[in-house]
Amino acid sequence: MSELQKRQIQLEVLRYNPETDTAPRYQTYSVPCLNEWVVLDALNYVKDHIDPTLSYRWSCHMAVCGSCGMMVNGEPKLACKAFIHEYGDQIKVEPMANFPIERDLVTTVEDFITKLASVKPYLIPKSDQPISAGEFKQTPAELKKFKQYTLCINCMLCYAACPQYGLVPEFLGPAAISMAHRYNQDSRDGGRDQRQEVIATDEGVWECSFVGACSEVCPKHVDPAGALQQVKVASTIDWYKEHLMPWVKK
Amino acid sequence: MEIIKTDVAIVGAGGAGLRAAIALAEADPKLRIALISKVYPMRSHTCAAEGGAAGVIKSDDSLDLHFNDTVGGGDWLSDQDAVEYFINEAPKELTQLEHWGCPWSREPNGSVAVRPFGGMKIKRTWFAADKSGFHILHTLFQTSLKYPSIQRFDEYYATDLLVEDGRCQGLTALEIRNGEMKQFQAGAVIIAAGGGGKMFPFTTNGNIKTGDGMALAYRAGTPLKDMEFVQYHPTGLPNNGILLTEGCRGEGGILLNKDGRRYLQDYGMGPETPVGQPVLKTMELGPRDRLSQAFWGEQQKGNTVKTPWGDCVLLDMRHLGEKKIDERLPLVRDLCISYLGKDPVKEPIPIRPVVHYMMGGIHTDVQAATRLPGLFAAGECACVSINGANRLGSNSLTELLVFGRRAALSAMAHLQSNPTPSSDAALAAKAKASQNRIQALFDKSDGTESIAGLRQEMMDTMEANVGIYRTGEGLAAACEKISELRRRYANITLTDKSRVYNTDLMQALELGSMLDCAEAVTVGARDRKESRGAHQRLDFTARDDENLLKHSLAHYHPTEPPRIEYLDVVITKSQPGIRDYSGAKK
Numbered sequence: 001m002s003e004l005q006k007r008q009i010q011l012e013v014l015r016y017n018p019e020t021d022t023a024p025r026y027q028t029y030s031v032p033c034l035n036e037w038v039v040l041d042a043l044n045y046v047k048d049h050i051d052p053t054l055s056y057r058w059s060c061h062m063a064v065c066g067s068c069g070m071m072v073n074g075e076p077k078l079a080c081k082a083f084i085h086e087y088g089d090q091i092k093v094e095p096m097a098n099f100p101i102e103r104d105l106v107t108t109v110e111d112f113i114t115k116l117a118s119v120k121p122y123l124i125p126k127s128d129q130p131i132s133a134g135e136f137k138q139t140p141a142e143l144k145k146f147k148q149y150t151l152c153i154n155c156m157l158c159y160a161a162c163p164q165y166g167l168v169p170e171f172l173g174p175a176a177i178s179m180a181h182r183y184n185q186d187s188r189d190g191g192r193d194q195r196q197e198v199i200a201t202d203e204g205v206w207e208c209s210f211v212g213a214c215s216e217v218c219p220k221h222v223d224p225a226g227a228l229q230q231v232k233v234a235s236t237i238d239w240y241k242e243h244l245m246p247w248v249k250k
Numbered sequence: 001m002e003i004i005k006t007d008v009a010i011v012g013a014g015g016a017g018l019r020a021a022i023a024l025a026e027a028d029p030k031l032r033i034a035l036i037s038k039v040y041p042m043r044s045h046t047c048a049a050e051g052g053a054a055g056v057i058k059s060d061d062s063l064d065l066h067f068n069d070t071v072g073g074g075d076w077l078s079d080q081d082a083v084e085y086f087i088n089e090a091p092k093e094l095t096q097l098e099h100w101g102c103p104w105s106r107e108p109n110g111s112v113a114v115r116p117f118g119g120m121k122i123k124r125t126w127f128a129a130d131k132s133g134f135h136i137l138h139t140l141f142q143t144s145l146k147y148p149s150i151q152r153f154d155e156y157y158a159t160d161l162l163v164e165d166g167r168c169q170g171l172t173a174l175e176i177r178n179g180e181m182k183q184f185q186a187g188a189v190i191i192a193a194g195g196g197g198k199m200f201p202f203t204t205n206g207n208i209k210t211g212d213g214m215a216l217a218y219r220a221g222t223p224l225k226d227m228e229f230v231q232y233h234p235t236g237l238p239n240n241g242i243l244l245t246e247g248c249r250g251e252g253g254i255l256l257n258k259d260g261r262r263y264l265q266d267y268g269m270g271p272e273t274p275v276g277q278p279v280l281k282t283m284e285l286g287p288r289d290r291l292s293q294a295f296w297g298e299q300q301k302g303n304t305v306k307t308p309w310g311d312c313v314l315l316d317m318r319h320l321g322e323k324k325i326d327e328r329l330p331l332v333r334d335l336c337i338s339y340l341g342k343d344p345v346k347e348p349i350p351i352r353p354v355v356h357y358m359m360g361g362i363h364t365d366v367q368a369a370t371r372l373p374g375l376f377a378a379g380e381c382a383c384v385s386i387n388g389a390n391r392l393g394s395n396s397l398t399e400l401l402v403f404g405r406r407a408a409l410s411a412m413a414h415l416q417s418n419p420t421p422s423s424d425a426a427l428a429a430k431a432k433a434s435q436n437r438i439q440a441l442f443d444k445s446d447g448t449e450s451i452a453g454l455r456q457e458m459m460d461t462m463e464a465n466v467g468i469y470r471t472g473e474g475l476a477a478a479c480e481k482i483s484e485l486r487r488r489y490a491n492i493t494l495t496d497k498s499r500v501y502n503t504d505l506m507q508a509l510e511l512g513s514m515l516d517c518a519e520a521v522t523v524g525a526r527d528r529k530e531s532r533g534a535h536q537r538l539d540f541t542a543r544d545d546e547n548l549l550k551h552s553l554a555h556y557h558p559t560e561p562p563r564i565e566y567l568d569v570v571i572t573k574s575q576p577g578i579r580d581y582s583g584a585k586k
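Quick note, the sequences are listed as chains A and B, same order. Quick note on numbering: my numbering labels position 2 of the first sequence as 2, and the sequence is numbered without any gaps. Quick note on numbering: my numbering labels position 451 of the second sequence as 451, and the sequence is numbered without any gaps.
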């Protein structure tokens, strides 16, 4: 096999320290890279060899922990899955859009955590069954109905991409709603009514303008936009049943 | 300094910490639970586990078989009372997780499916495709949101335990976002903060795996056990150490050398089994220590494939076909394509062994209690020990659950014994000392050592001398070097003096943790003059049951290397025997 290809890139990074800066600024680092690197590797090079004061979050380096979401050339990306070879020699890195900057590339994400918790993202079993009775049965087909929505790593790139979340901060947003949908679709679950109170609201699915940016940026192909549309359709059916056919149980 | 009073403080919010928190919240809704982690819970490294979790559920399996696989796999260094408890609780815990919504993969009839794993005689690994740890972590995190009594302190870095009157009564932690030190006053503390694989340069471990929880307990005077046993996972991507699950081989993947030979047959794991029909407990389904050692053997013989990332062997999964790979190993395929540019459906994947897991950790008994009253530990940071000298794949995810819950129950029992808290003043003085230790890092401006520089020297030392095969000479050099690095560590300087999200400070503290743990590893390894499980010595090639069927316990010293004490292994029903992974007897 051939030698690994090397490149010099200019990494332009948004810096902001609330203790010393009045406004965010940009700082450019010249970084010797291997072409197989990801943007996170370049940031780590800066941290270890050029500027120890640069702050950002990261851990797994394999796109599963969801820590290193940021804007790479204006697009929401996981820094550990943004490959240097897909970019030119100038790469611009900024904190995730639509979230307040805590410092440098670190954003304040409490809003998402609160919203996720609000949709009751846990199994509310249809029926109680003691552990001694064994597992709930669930066929592969039943699993398939919601499996895709379990793949969300909470990286929040969909919030960074969502124009509506940018405009209306109260919007529950793509990941939280698709997680509610995940449990609603689970054959073991009976908690849909409780979740509907949260998600079938003005701040819930009806805020979504179906731009679909969330699904485009999702690194795990969860398709939150699809989940939102399914919730909208189901909620509409609920409304008709309730108002036009009150004798039909939901 | 703000004081937060709580009943139980848990350090670490991965699988074990979350399981402990839920167990406490369910047992008594009035308990105040502080769940403290340096990252948001779903960032914890449990998320990176792929293959699955072992627990006896199928009718062809038995608890005895799981016991025997685990104890033999651990080269008889496991405590058999702990293993007994573990295998009994395992199916209940995995079923509990199912009741909480974990999306386990299923059989056509709707029951939970199991897959084969290395060193296991029967298929008993529950899995959620190849994202098992991820799903376990998120199921636990999401379930924890049900309980208002679990108060989370996300992105708080624990700095010191508060030990007074011979008991652990809380801890200090830095709130990372603003640099403020908080004092947690607690009736009991559970450490569930993971391992420290980042002391090695080539590892599957995430950036956060820096041994902080181990070091926290160690510095507080409770010993670390069996630290010399470090597991290499046989199949990592060669350029960055990304894990390719043992499930690859469980599903039928094979290992080849440069000549296309299934070389494991040359290392006591033959004869060759038919391609695509994996036979349990032999060839590619041998245990991790043996497979990693076989790689080393191939390297010595010149049978490895030369790649830009060094010597490799090949993991061939092509015969599994696209459908099975996509159904059972979708993450593996994605990782190979994304990070190496190779599709396992179309070509063999170059791989090499990679540091993966620490069998050692904070010494606990079968109740998850440490020697320090009021302090409990569970998960990779702890050493119960069920894993002995070599952990079997898919036992660790189950261990998080079983011993996370066990630690919670023990912490409750400790609270019920109504220990009288020491005076506020005494605890505050301890907390102040911890704060001063951190402040000193900010005040010091004449240090000459760089954090990244010392870290690199530590990693190079561990890689060169504390790998798959070790020598007395190499280990002596490593001990000396790590001691030197610990001394030089006193002379580091922070470049970043900010209080807000200061990752320079985090890295400094993490390096301190890693150096403490690395010294326990190297000294433990130097002094263990035998070969057992993952600890292989070229100068002492045999297992020495007469003298060393014992756990090592490393006791911390602030400036000197640790004192090593030995402790008998608990043997109940399985006497040390030969680990036979040849297929002949089958």
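Certain hints may be false.
If you want a taste of the chain B side facing chain A, the calculated C-beta under 7 Å gives, among others [unchecked claim]: (1) GLN142; (2) THR143; (3) TYR147; (4) ILE242; (5) SER498; (6) ASP568; (7) ILE571.
Among the chain B residues that face chain A by a calculated CB cut under 7 Å, a handful are [unchecked claim]: (8) THR95; (9) ARG106; (10) ALA452; (11) ASP504; (12) VAL570.
Derived list of chain A stretches under chain B, where covered just means 3 residues or more per stretch with a C-beta under 8 Å from a C-beta of chain B [what the hints assert, rightly or not]: (13) 129–140; (14) 204–210.
Derived by calculation from the structure, the hints in this document are not laboratory data. Where is the CB? At the ideal position from N, CA and C, for every residue including glycine.
Verification of the supplied hints:
no. : hint    : in the structure
1   : GLN142  : 4 Å, holds
2   : THR143  : 5 Å, holds
3   : TYR147  : 10 Å, violated
4   : ILE242  : 5 Å, holds
5   : SER498  : 5 Å, holds
6   : ASP568  : 35 Å, violated
7   : ILE571  : 31 Å, violated
8   : THR95   : 5 Å, holds
9   : ARG106  : 5 Å, holds
10  : ALA452  : 4 Å, holds
11  : ASP504  : 5 Å, holds
12  : VAL570  : 28 Å, violated
13  : 129–140 : holds (count 9)
14  : 204–210 : violated (count 0)
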